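Participant: Chain residues, written in single-letter form:
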Amino acid sequence: MKRRTIYRHKLLPYLLLAPQLAVTLVFFFWPAGQAIYQSVLIQDPFGLRTQFVWLENFQIVLTNPVYLESVRVTIIFSTAVTLLAMAPALLLAVMADQVVRGASGYRTLIVWPYAIAPAVAAVLWLFIFHPSIGQIGQGLRTLGIPWDYRIDGQQALLLVIFVSAWKQVSYNFLFFLAGLQSMPKTILEAASIDGASPRRRFWMIVFPLLSPTTFFLLVVNIIYAFFDTFGVIHALTQGGPGRSTTTMMYRVYRDGVINLDLGGSSAQSVILMTAVIILTVVQFKYIERRVHY
Amino acid sequence: MPSITSPILLQVRRLGVATLIAAFALGSAFAQRVEVEFWHGLTQPLGGLLEEFAADFNASQDQYHVEASFRGTYPDTMVAAIAAFRAGNAPHIVQMFEVGTATLMYAGGAVKPVYELFEETGVDFDPDIYIPAIKGYYSLPDGRMVSMPFNSSTAIMWVNNDALREAGLDPETTPLETWDQVRAVAKEVVDSGAAPCGFSMAWPTWTQFEQFSAIHDVPLATRANGMEGLDAELMINSELHVRHVQTLLDMQAEGSFTYGGRDSNADALFPSGECAILHGSSGLRARVVREAEFDWSTRMLPYYDDVPNAPLNSIIGGASFWVMTAPDRTDAEYAAVAEFFNFISTIENARRWHVESGFLPIRFGVFEELEAEGFYEENPGADIPYLQLTRAEPTENSRGLRLGNMPEIRNIIQEEFELAIQGQQTAQQALDNAVQRGNVVLRAFERANR
Numbered sequence: 035m036k037r038r039t040i041y042r043h044k045l046l047p048y049l050l051l052a053p054q055l056a057v058t059l060v061f062f063f064w065p066a067g068q069a070i071y072q073s074v075l076i077q078d079p080f081g082l083r084t085q086f087v088w089l090e091n092f093q094i095v096l097t098n099p100v101y102l103e104s105v106r107v108t109i110i111f112s113t114a115v116t117l118l119a120m121a122p123a124l125l126l127a128v129m130a131d132q133v134v135r136g137a138s139g140y141r142t143l144i145v146w147p148y149a150i151a152p153a154v155a156a157v158l159w160l161f162i163f164h165p166s167i168g169q170i171g172q173g174l175r176t177l178g179i180p181w182d183y184r185i186d187g188q189q190a191l192l193l194v195i196f197v198s199a200w201k202q203v204s205y206n207f208l209f210f211l212a213g214l215q216s217m218p219k220t221i222l223e224a225a226s227i228d229g230a231s232p233r234r235r236f237w238m239i240v241f242p243l244l245s246p247t248t249f250f251l252l253v254v255n256i257i258y259a260f261f262d263t264f265g266v267i268h269a270l271t272q273g274g275p276g277r278s279t280t281t282m283m284y285r286v287y288r289d290g291v292i293n294l295d296l297g298g299s300s301a302q303s304v305i306l307m308t309a310v311i312i313l314t315v316v317q318f319k320y321i322e323r324r325v326h327y
Numbered sequence: 007m008p009s010i011t012s013p014i015l016l017q018v019r020r021l022g023v024a025t026l027i028a029a030f031a032l033g034s035a036f037a038q039r040v041e042v043e044f045w046h047g048l049t050q051p052l053g054g055l056l057e058e059f060a061a062d063f064n065a066s067q068d069q070y071h072v073e074a075s076f077r078g079t080y081p082d083t084m085v086a087a088i089a090a091f092r093a094g095n096a097p098h099i100v101q102m103f104e105v106g107t108a109t110l111m112y113a114g115g116a117v118k119p120v121y122e123l124f125e126e127t128g129v130d131f132d133p134d135i136y137i138p139a140i141k142g143y144y145s146l147p148d149g150r151m152v153s154m155p156f157n158s159s160t161a162i163m164w165v166n167n168d169a170l171r172e173a174g175l176d177p178e179t180t181p182l183e184t185w186d187q188v189r190a191v192a193k194e195v196v197d198s199g200a201a202p203c204g205f206s207m208a209w210p211t212w213t214q215f216e217q218f219s220a221i222h223d224v225p226l227a228t229r230a231n232g233m234e235g236l237d238a239e240l241m242i243n244s245e246l247h248v249r250h251v252q253t254l255l256d257m258q259a260e261g262s263f264t265y266g267g268r269d270s271n272a273d274a275l276f277p278s279g280e281c282a283i284l285h286g287s288s289g290l291r292a293r294v295v296r297e298a299e300f301d302w303s304t305r306m307l308p309y310y311d312d313v314p315n316a317p318l319n320s321i322i323g324g325a326s327f328w329v330m331t332a333p334d335r336t337d338a339e340y341a342a343v344a345e346f347f348n349f350i351s352t353i354e355n356a357r358r359w360h361v362e363s364g365f366l367p368i369r370f371g372v373f374e375e376l377e378a379e380g381f382y383e384e385n386p387g388a389d390i391p392y393l394q395l396t397r398a399e400p401t402e403n404s405r406g407l408r409l410g411n412m413p414e415i416r417n418i419i420q421e422e423f424e425l426a427i428q429g430q431q432t433a434q435q436a437l438d439n440a441v442q443r444g445n446v447v448l449r450a451f452e453r454a455n456r
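If you read the sequences in order, they're chains A and B.
Take 35 as the starting number for the first sequence in the numbering used here and just add one per residue.
Take 7 as the starting number for the second sequence in the numbering used here and just add one per residue.
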C-alpha cells in the first residue's frame, strides 16, 4: 500500500525539514566525512605533509594489541554501565510512582545528578573515593581493604563504571517514571482483582508494557557509555592505571589530541562509528521485534 | 591606557569588521601599534605574572602591542595552535612545554626558528647568555636556537624535615644523596609511623626516566636522545633502568614507596604531609611555601653511587616560546616578536621572573647577582635546582631529549610502569614493552614528518 503525500506544494516538506537537515549536515555528516577522509591519510599535525595510504591506518589500529585491549575494556564498561544505570533507575521509578506525599521532592532529588557535568561528577566522587583524602576511600582502608584506584586497575574500572552509571540513573529514571505514569490503570486493577501479587503484576504487566521505554533507554545508554563518558574517565583516571580504564573513545582522544596521530585516531573514530551503527541496527532489527508498543 | 582598551580592540577585531573604525575612534596613539598575539598555557598565579611581562613591554614602547592570553593547559594550547595554523591564523607566539619541542621543531614551515627571526629582523641576540643545559635543549645540534627559553624548571627532591625528626633522624646530618640512603630513610619514616608514605614521585616518566638517565649519563634513546635524527630508538630497558624500576618495586613491597599517580597527581602528597620525600618539579616551590605546615628542605635528586660519571647535571622541564607563521604575517609583526623576546631576555626580567615565579634563573648573571645579595640565604633551597642543573658539563645523555610524540611516550612508560606496580609484569617486561611500544610511536612520527 502506497500512501500519498498530503502536501500539495512539492517544496514545502523540504523547507520544513531544512533546518534539521542543515544541523545534521553541519554537525554530523561534515565531521564524519572529515573523519573518513582523514582516516586514509598519514599526516603530520600541521598538515604540511600528507600521504595517502588507503586502509593502512585501519590495519595498524586493528592489529595493535593495545587497541584490542581497549575494545575489551569498552565492552565490559558499556555493558556494566548500561545495566547499572538502568536497573536502579527502574527500581527508583517504580518506588517513586507509588509515593503519594512529597512525590515531586523525591523526583527532584533523584533527577538532580543529571544536571551535573560529567567532569564535576567525577571530581565529586574522587573526593569521596580518594584513598587518602576521600571519606569512603579512607574508610575502606581502615577496614583493611587495600583500596587505591590509582594502582589497582579493577578498582579503577569499578569506580569509573559506578560514576558513569550514577550520572545516567536520573535520565533513565525520568523516562521509566513517565512510562509508568502513562500506563493504563485499568489493566493493573483488573490484575489486582484477579489476585495477582505486586511482584507478578510487575513482571507480567508493567515490565512488558514498559518495553518500548526500556528499549529506547537501552539504545541511549549504550551510546552514552560509548561516547559521553569521556569526561568521567578523563577526570578520574585518565585511562589508567595501566590501560585498565582506556575505552575506545578515550583512545581516540589519546591518539588524536595527545599523540597527534590524526590518521590513526580518525580510523578509530570510523571504527567506533561503525560499531555504534551496527549495534543500533541490530537492536532495532532483533530486539525491537520483542517490544510491545 | 592599553590595558583597558586592548580587550575592546581585540573583540572588535574578532568580529572582523570594524578594526579601522575602532582605531580611529580610540585615537591615533596606538592605531599604528603592531599587534602580536601570544598564547600561553600557565594557570594562575604564574599566568598573571607572565601577562605582566607583556603589559610592561607594551608600556615600555609605543610601536608594538603584545596581547597575552591563556589557552588552557600546554596540551590544549598545542592543539589550539595547531588548529589555528591549519586555519591560517596561528598566533604569533605560542608557549609550548618541553616535550612538545620535537613536534614543533619538525613542523617545518609552521614555525620560524628564533635564530632566523633575529637574523631577519636584525635584532641583536646572543644565545650564549643562556646556561648550557637550557640552551642545548632548545637548539639544533649545531647550536642554532629554535625556540626562546623562558620558564624552565628541573626535578628536585622535596624532604619533610619534621617527618625525619619524628622518625629519629636528623635532617641536617642524615645523608640523602644516593638511592640506598633515600630508601633507608623512607623505610625508617614509614616503619616509625612518622608519615604514611615514605617516598613518592610526581611526573613519573620525567623524574624516574628522563632525569634519571641524564644524571647517570645513560642514554634514554639512541641518536643522542633523538637530538640528531628522527630515527632514534628508546633505550630505557638497559640494565641500569631495570635495576632502578626493580628498586622502586622492592621499595613498594617493603612499604617505603607509594605510587601517587600520573603527571602532577602526586604533587599534593608532599605539601599535605602524607609523603616524607617526593621527587617533583622545582616549580612546586610556591605551593609548598603556601601550603606546607611543617619544616621542609630541598635536595638534589639521588643517584646510584656505583655508576660511573654519576651524578651529572639534571635536565629541564617547563616551556619555551615558539614563533609561528601565517600566510598574512608581515615583517613588522616579526620585528615586534623579536623586540618582545629581546625584552624578556634581559637580565632584569630573567631575574624578576625567577624570583617571582620560582622557575630557574635561565641566563648567566642572574644567579650570581642574587647569591651576592644573599637571596638564597633568605630562601634556603631555592638554589638547589640551579646548582643541580649546572653541576656538570652536559654530555650527549644529559643535554636533553628530542623525541617525537613525547607526550605519548611518557604515557606509555607510565602505563607499563603502573602494570609493573600492580604486579602484572616484571621490571624487565615493563621496560621491554615500553621500548617496543615507544618505538612504534617514534616510527609513526618519523613517517608522518619525513
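Just so you know, not all the hints are guaranteed correct.
[What the hints assert, rightly or not] Chain A is faced by these chain B residues, among others (derived, beta-carbon under 7 Å): (1) 425; (2) 427; (3) 429; (4) 452.
[As the list claims (entries may be wrong)] Below, simulated SDA-like cross-link-like pairs (lysine to any residue); rule was C-alpha separation at most 20 Å, straight line: (5) A:319 <-> A:233; (6) A:319 <-> A:253; (7) B:118 <-> A:253; (8) B:118 <-> B:445; (9) B:118 <-> B:90; (10) B:118 <-> A:81; (11) B:118 <-> A:252.
Quick caveat, the hints were computed from the structure, so don't treat them as lab data.
Since the model is a prediction, treat every value here as computed from it, not as a measurement.
Ideal Cβ placement from N, Cα and C applies to all residues, glycine included.
Participant: Indicate, hint by hint, whether the structure satisfies it.
Facilitator: Here's how the hints hold up against the structure:
1. Taken as an interface hint, residue 425 (chain B) checks out: its beta carbon lies about 4 Å from the nearest beta carbon of chain A, inside 7 Å.
2. Interface hint status for residue 427 (chain B): upheld, as the beta-carbon distance to the closest one in chain A is roughly 6 Å, under 7 Å.
3. Look at residue 429 (chain B): its Cβ only gets to about 10 Å from chain A, farther than 7 Å, so that hint breaks.
4. The closest approach between the C-beta of residue 452 (chain B) and any C-beta of chain A is roughly 11 Å, which is over the 7 Å cut-off, so the hint fails.
5. Taken as a hint, the residue 319 (chain A) and residue 233 (chain A) pair is broken in the structure, with Cα atoms around 30 Å apart against an allowance of 20 Å.
6. With a C-alpha separation of about 12 Å, the suggested pairing of residue 319 (chain A) with residue 253 (chain A) holds against the 20 Å cut-off.
7. For a cut-off of 20 Å, the pair hint linking residue 118 (chain B) to residue 253 (chain A) is broken: about 50 Å separates their Cα positions.
8. This hinted pair does not check out: residue 118 (chain B) and residue 445 (chain B) have alpha carbons roughly 28 Å apart, beyond 20 Å.
9. Simply put, residue 118 (chain B) and residue 90 (chain B) have alpha-carbon atoms about 16 Å apart, close enough for the 20 Å limit, and the pair holds.
10. Between the alpha carbons of residue 118 (chain B) and residue 81 (chain A) the distance comes to roughly 16 Å, so the proposed pair stays at or under 20 Å and holds.
11. Proposed proximity of residue 118 (chain B) and residue 252 (chain A) is contradicted: the alpha carbons are some 52 Å apart, above 20 Å.
Hint violations for this structure: numbers 3, 4, 5, 7, 8, 11, all remaining hints satisfied.
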